[in-house]
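J.: Take a look at the letters that make up each chain.
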Amino acid sequence: MAPPVINTGPGRRSRSNKKAQMGVFAGYLVAGFGALLGAALLVISLLRPETFNGLRTMAADAASPAGEAGAVGRTQSQGFFEAVAGYYRAGSRNAELEEEVKIARVRLAEAEALRQENARLKAVLGLAADDARTVAVARLIGSTSSSARRIGYLSAGRADGVRPGMPVTSPMGLVGRILEVGGRSSRVLLLTDSESMVPVRRAEDNLVAFAEGRSDGSLRLRLINLGINPIKPGDVFVTSGAGGLFRPNIPVALATEITRDGAIAQLLSNPAATDVVVVEPIWQPEAAAAVRAPAPEAAEAPTG
Amino acid sequence: MERLNPQSRRDPFGSRINRAQSPLLAYGLPWLTILLGSLTPWLPIIAPAPVLPPFGFMLMLAWRLLRPGLLPLWAGLPLGLFDDLYSGQPLGSGIVLFSLTLIAIELLEIRFPWRSFWLDWLTAGLILALYLAFAALLSGAELTFVQLTVIGPQLLLSIVLVPLVARMVALLDRLRLMRVRYLG
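Protein sequences, first through last, are from chains A and B.
If you want our numbering, it's the position in the first sequence, counting the first as 1, plus 18.
If you want our numbering, it's the position in the second sequence, counting the first as 1, plus 29.
Okay, chain A solo, but in the shape it has when bound (with noise of 0.2 Å):
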């Protein structure tokens, strides 16, 4: 456990321990060099967060496969502990879905009646149904699990089509967008980093709000229109299509708490309870010229 001796006393000095020290301090040198050109690199990665993407990218690409086949180990392990934790909730959780089934049924066949409406109406106009196209489907395999930011690892890239700024969804809504893409991989930014920021609203109604994330697994919605607040819990907020990135009406979160001027929100979409996940194009081309050349906006939302 002790570390070399350097000297062996005050009168004692000889030659290999000259020797020694020397080495000692030409480690010192270069731990405090490396140190600094850490600090300079890190200067240079904030001011500047594109410039080390290709390295990062590579690098990604070559651990995707291994993390490709864990990906289908996390769907598999995730059934097996929801069968088990079912069975200790069974009770509570059967009246509980009953009561929801009930009120459910009953907004089906509302959501029914309008989806025909809907349809009749859009055919007396001549409205072609531009939903959801898909880019790439593949598997979240990854986050940064550890760290403060929270990105995904997606197993698409450049390959697929997949580019940077495409809203990544599943069918629970919303997951995130596409910051890196390398030649078979690419880098998530998830809701739920601080980064993040997506123009919703209400699903009811045009209640217009932008929901930042808080990194711990919770979103901040923020209002645009300030004054009395009227979100209740359990509003369901989707996205607005403001900024062109993201199409309208893709669910992202669930008001659970009021706050001063918006609320906190639960994600629809838990990227954890996700197993594939489907790269949308970008909604309106002219966003997405705007997102390609300025690129350090292109961690951030647009606004407008």
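FYI, nobody ran anything at the bench for these hints, they're computed from the structure.
Built from N, CA and C at the ideal position, the CB exists for glycine as well.
Do not take every clue at face value.
Stated by the list, open to error - Okay, the calculated beta carbon distance ranges per label pair:
| id | chain 1 | residue 1 | chain 2 | residue 2 | range |
| --- | --- | --- | --- | --- | --- |
| 1 | B | W143 | A | L54 | 30 to 40 Å |
| 2 | B | S37 | A | L54 | 45 to 55 Å |
| 3 | B | L186 | A | A137 | 45 to 55 Å |
| 4 | A | Q284 | B | F42 | 50 to 60 Å |
| 5 | B | W150 | A | G201 | 40 to 50 Å |
| 6 | A | V142 | B | T178 | 50 to 60 Å |
Unchecked claim - If you want the footprint, here are the derived chain A segments under chain B, 3+ residues with CB under 8 Å:
| id | region |
| --- | --- |
| 7 | 44 to 51 |
| 8 | 113 to 127 |
| 9 | 241 to 250 |
Assemble the complex: chain A is given as a structure, and chain B must be docked to it using the hints.
T.: Just chain B now, with coordinates in the frame of chain A:
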């Protein structure tokens, strides 16, 4: 004639006949395990919040505290760089923090050359607290009160896991010095 003890040709690192310790294993295993620890973002866990301890950093800490002199003082540069490629932190934060940690332990060792398990745990805990705080500070995300509450559980988990990681590294250390068969 007295029978030889069948164990007489063995020591804790295996048989001594036609087997020798491999320099590749002895010097490569610490590096390999730390690099593998840095690959935790590829574990099939999609975390909505930072929950996992920084395994790469913890493994480096454990190796350094168990075997002084095995990792050179400049090891923070390559190890931190590799960690940065996958951790999601801006490139450079790992290099700085890993390098400064190694220098800090070196200086600490001059002050406390003989350490106990408890002192090692205390050291590792303090360094982990500083590491997580600075990693959050340097992550490029704006720091709010929420982030501090997120780091808390992660820090507690990391500190609790320190003895476990140290134990694992001690096992790996025996593997590291195992004799392997050589040809010729």
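J.: Quick check: which numbered hints come out false for this structure?
T.: Failing hints, ascending: 8 and 9.
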